[in-house]
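Engineer: Residue numbers (the working numbering), protein chains in the order written: chain G, 1 to 312; chain X, 1001 to 1672; chain Y, 2001 to 2188.
Simulated from the structure, these hints should not be mistaken for lab results.
By construction, the Cβ of each residue, glycine as well, lies at the ideal position given by its N, Cα and C atoms.
One thing to keep in mind: the hints can contain errors.
[Said to hold, decoys possible] Where chain Y lies over chain G, by a calculated footprint (3+ residues, C-beta under 8 Å): (1) 31-37; (2) 218-228.
[What the hints assert, rightly or not] DSBU-like cross-link-like pairs, simulated, lysine-lysine; straight-line CA separation at most 30 Å: (3) X:1434 x X:1509; (4) G:30 x G:261; (5) X:1591 x G:286; (6) Y:2107 x Y:2041; (7) X:1310 x X:1110; (8) Y:2034 x G:32; (9) G:286 x G:34; (10) Y:2023 x G:32; (11) Y:2107 x Y:2175; (12) G:34 x G:269; (13) Y:2107 x X:1558; (14) X:1598 x X:1628; (15) Y:2034 x G:34; (16) Y:2117 x G:30; (17) Y:2007 x G:32; (18) G:34 x Y:2023.
[To be verified] Which chain G residues stay away from chain Y? Per the calculated CB distances, all over 10 Å, these: (19) 2; (20) 8; (21) 9; (22) 12; (23) 70; (24) 113; (25) 156; (26) 166; (27) 248; (28) 267; (29) 275; (30) 285; (31) 290; (32) 298; (33) 310; (34) 312.
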Amino acid sequence: MTFSTAIIIAVAQLLLIPLFSPLVIGIIRKCKAKLQGRVGASVIQPYRDLRKLFSKDEVISSDASWVFYVTPYLLFAISLLLASAVPVLVALTFNPMSDLLIMAYLLGLSAFLSALAGMDTGSAFGGFGSSREMTFTALVEGALLFSLLPFIFIFGTTDVSEIVARMHILPLIAFFPLSLAGIAYMIALLTENARIPVDNPTTHLELTMIHEAMILEYSGKRLALIEWASWNKLLLFIVLGLNLFVPWGFVVALTAQAVVKGFIILSVKIALCIGIIALIESTMAKFRIFRVPEFIFTSLVLGIISVLIIIL
Amino acid sequence: MITTALIITILLGSLCLYAAGAIVSLLLLSKRAKSLRNIGAHAPAFLGSVGLVLASVLFFVQGTPITFTLPSTFDFIPFLFRLDLLSAFFLLLIGVLGAVASCYAGDYLKHYEEEYNLAFLGFAYNIFLASMALVVTANNALYFLVVWEIMSLSSYLLIVFEHHREDNVRAGLFYFIMMHIGGAAITGALLLLAHAYGTTNFDVFRAGGVDLGKILPSIVFILALIGFGTKAGMMPFHTWLPEAHPAAPSHVSALMSGVMVKTALYMLIRVIFDFMPLQVPWWGVLLMCIGALGAVLGILTGLAQTNIKKLLAYSTIENIGLITLMLGAAVLFSAYHAPTLAIVALVAMLFHIGNHAFFKGLLFLSAGSVVSATGTTNIEAYGGLAKRMPKTTIAFFVAALAACAFPPLNGFASEWLMFQILFTGVGAPILSIKLLFLGAIVAIALTSGLTMLTFVKAFGGTFLARPRSEGSATAHEAGFGSMTAYAILAFLVIWIGLVAKSLLPLLSKIASSIESGALAANTVQKLPMLNMTTIALVMFIAVIVALLITASFALRTKVVIGRTWDCGYPLAANNEISATAFSRSILMILKKILPTKKHAVTEGAQNGNTYFMSSKTVTLEVVNVFEKYLYQPIERVAAFLNVQVKKIQNGHVNLYILYILVTLILLILFSL
Amino acid sequence: MLKLLKKVWSTPKTVIETDVLFKDEHDEILSIGKELESHVKNIFRGSLAIREVAAGSSNAEEQELTALSNAYYDVERFGIHFVASPRHADMLIVTGPVSRNMIEGVKRTYEAMPTPKIVVACGDGAINGGIFRGSYAIVDSLRDVIPVDYEIPGDPPSPTQIIRALNRILGYEAKRREMNASEKKTPS
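My request is simple: use the sequences and hints to build the entire structure.
Structural biologist: Encoded structure:
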């Protein structure tokens, strides 16, 4: 594979995430509506929301500083960076971005920036939203790391492309401890992406908000960028999780046929994963805020057990 | 051709400049020279520090250790100097931070001019810088102890500089006492070594060849750990640090946090790796435990602070914890005969020492500007400074990002390396070591999460939203000297992050000079490191893409400036989240690890009905576990012993005569 | 447990589905909805975000507005949703006579919305004070507080009426925008 083809593949792969992330959100909403007995909005509604927001004017608080202005761009850029780090269909072995630690710290950076933006306007809601977001981020970073540690110890590298590329050599028995880590990862996914039972993405009650409280002040194109970035993040988490914990069907040989097949298999897997998320969101209530740490510690403990099984 | 003589000349020249600065300061003590004091003290200090940088850079080019002696008036304290890679590395840090701090001080100290005599400060400051340079170049145990004490004394003078404030004097006294306890332990460690080797010359220590036995090295290690750990701020000997750092003027805090505590680590590395023939595994285990404990508890305590300089001081304890963790890993690897891994751990440690010096220096300097602009150290009284002090804001922002280890800044590079080592350590064949490293990973992961929280609180509370006090509403940007200092440090923080990969060979050269030199050149090549320049480039492109996407979608939209939306209520500055409230949730969640105490003061309650009141002040503070369970018991025992001793000495002259008589009789009896 | 499952399985479906019971109304909602959806697509690119402010109403209008999101009316399928912040909204619906305490709040909400925005007074209370008219505690009409674009009468208007009214409002809005656009093209 020459350098230029690799770049083309990388960019094409990267574009898949922002292109399809609104669709994924649309499908989750549709599934939830169906489970509630409603018809629900069309699956392409998120695209429409984005287009409308991009065409609207903005109202920005006079108290806001440059942090508030630049954060949406940076958040979107970080979501693109994460997209370039995760092997979606094909694993590129010399991708400088694809390192699990870089990804973990980029996720931290996006939480850091959005928390600052939440505080910037001096709104009471933004402030406590930031506080809660950072509280859970501080805890879930460790849980996320530990759900991914088994892979680092199995393959002896933090390069996620290399790990995904070599997943097919694992024997089936290795997936027993990995399934524990998978549950830990799922909990981290729900926490990082502010989904039920940690946070309710559709809530209107300011006092129960976590992620939403920080973006109450945003409007127009900046709101669109933030929303889009958070959708990208969700899809990325799903794709990474699927490629690590359910690696069957990942493209190993780089032919057009294999890529198409891989794409179809990945889509089916994503659809199933979305179904599970929608089911969780429809059947569970949001946790009381001080019960969330228990949820995260569950994830951490599962991660540690899985790591212990692997290294002992 | 760089000659040894040139390097020696520059080094001695720098020391002379410091001496000149000190003498000039003393000459300017009189009232008439008020306006000259500032420049008189800091210009020589600046030049001297630049000289140190120059000397160490030249030394890195030249590479072979230099030893030289200065004539001494005391026979038993020969002024032996030795400049090798490790000391040059620390000399470089001292030089860079010294130059930056001097640059900053010229600007920052202006508001002290009226109240205090800057000549005293200038004197102590120059002596302090010179003594740090001497500590890392000393090559004789007694001489080292002398300059070490000079460093402690001069830093004490700097801490109590603002002597009109009682807190500062107390903090200084506390520091003084702790340094004496530490100093005693260090003296013990070095004298034991000197006794075993039969000389005080470090060259002999280094050469080894003497059988130290089994117990002596461990005793020396424990003493050194107590002594240097006290100076470095390792838990549980850290208690002086959060008191002393906030008390000192900010440029001194930057120096103390950035380099002074590191000189202790320098000597600890020396003692463990250079002066001891062999390392023992449990040293490494102990160091790693201390490090992990310090990192987690340090940042957790820092999280609860509302004094910005205290918060930064606790963050220093956290970073010292991480560095100690790496030192422990290096000792452990070395003890189990894995020199390559030990070198990687040492590289990570040295790298983090340097990185921490720069970003913490920048944090302390920018925090110092904030403190002098607002007249308070309380984060609750800040807010809205991003608009009033834009450059300081950016400086603090960059440093905070580096402290949280976000790519592509320098903090990330060293933290990445640390993680790699811990991951490797888990692969060790011994079960207990595996678990130790796994525990360290838990600690470091929790630490990095909590660091983010701490710096969101520090940055957000200080610079964002609306001003919460008169002081922050009328704050002004700092002057040119401060800006220069910010620019240099911010450049270093970013640049070191970008070129991290190409700095590693130099660092591994330094590391291998300490750890038994048996390093093949290929280890240097094999050091894992990300290509941070590419990462930064990709990040830059991503931001451009985000801008382009927005520009292409959002045509003809405009931005209107309005009021903050807060559900239709009129907002006041006290509606913002306070620093205490910000960290409350996490402290509640982690109160099993670190207990907290809440104080609520209600004012204006009518008839004892607390529902109707004019104001309520809530403060949340963490219980100082070490003080409660370690220091206070020791203090009580000491006080008890004092009372007992007092009974002997009750002030009656006839009793004393009796003592003399008894002693005489006893002596006569013995001599018979 | 198997017994229970068997029973669940064998129980005949006796509940009559709403779209059979209220077939006419259901069809009406669907047909209006389709029109509404095309208007939303036309004006708001398929996404209309509504912020609701209760400015002192008796909660009657809120009940009806809440009903819009339930499984029966389900306006979300037409591209309409309610949002948590006026910053995110395209349309402001105010209900109830504006009580004096809420004047400032309503004003601030209006100011907080980014343009283009539409203000709708929903229910008689918001239009002219309704049954509370003349009370010392209220300003009779929302129009005295902020510029109102459209009004939905009724005390309270039923969800169907609201959907119908929204459809008409957007129809007018579409025409108005067309006229504005053509005016801009041919400056007189």
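Engineer: In ascending order, which of the hints set out earlier in this document are inconsistent with the structure?
Structural biologist: No numbers; nothing is violated.
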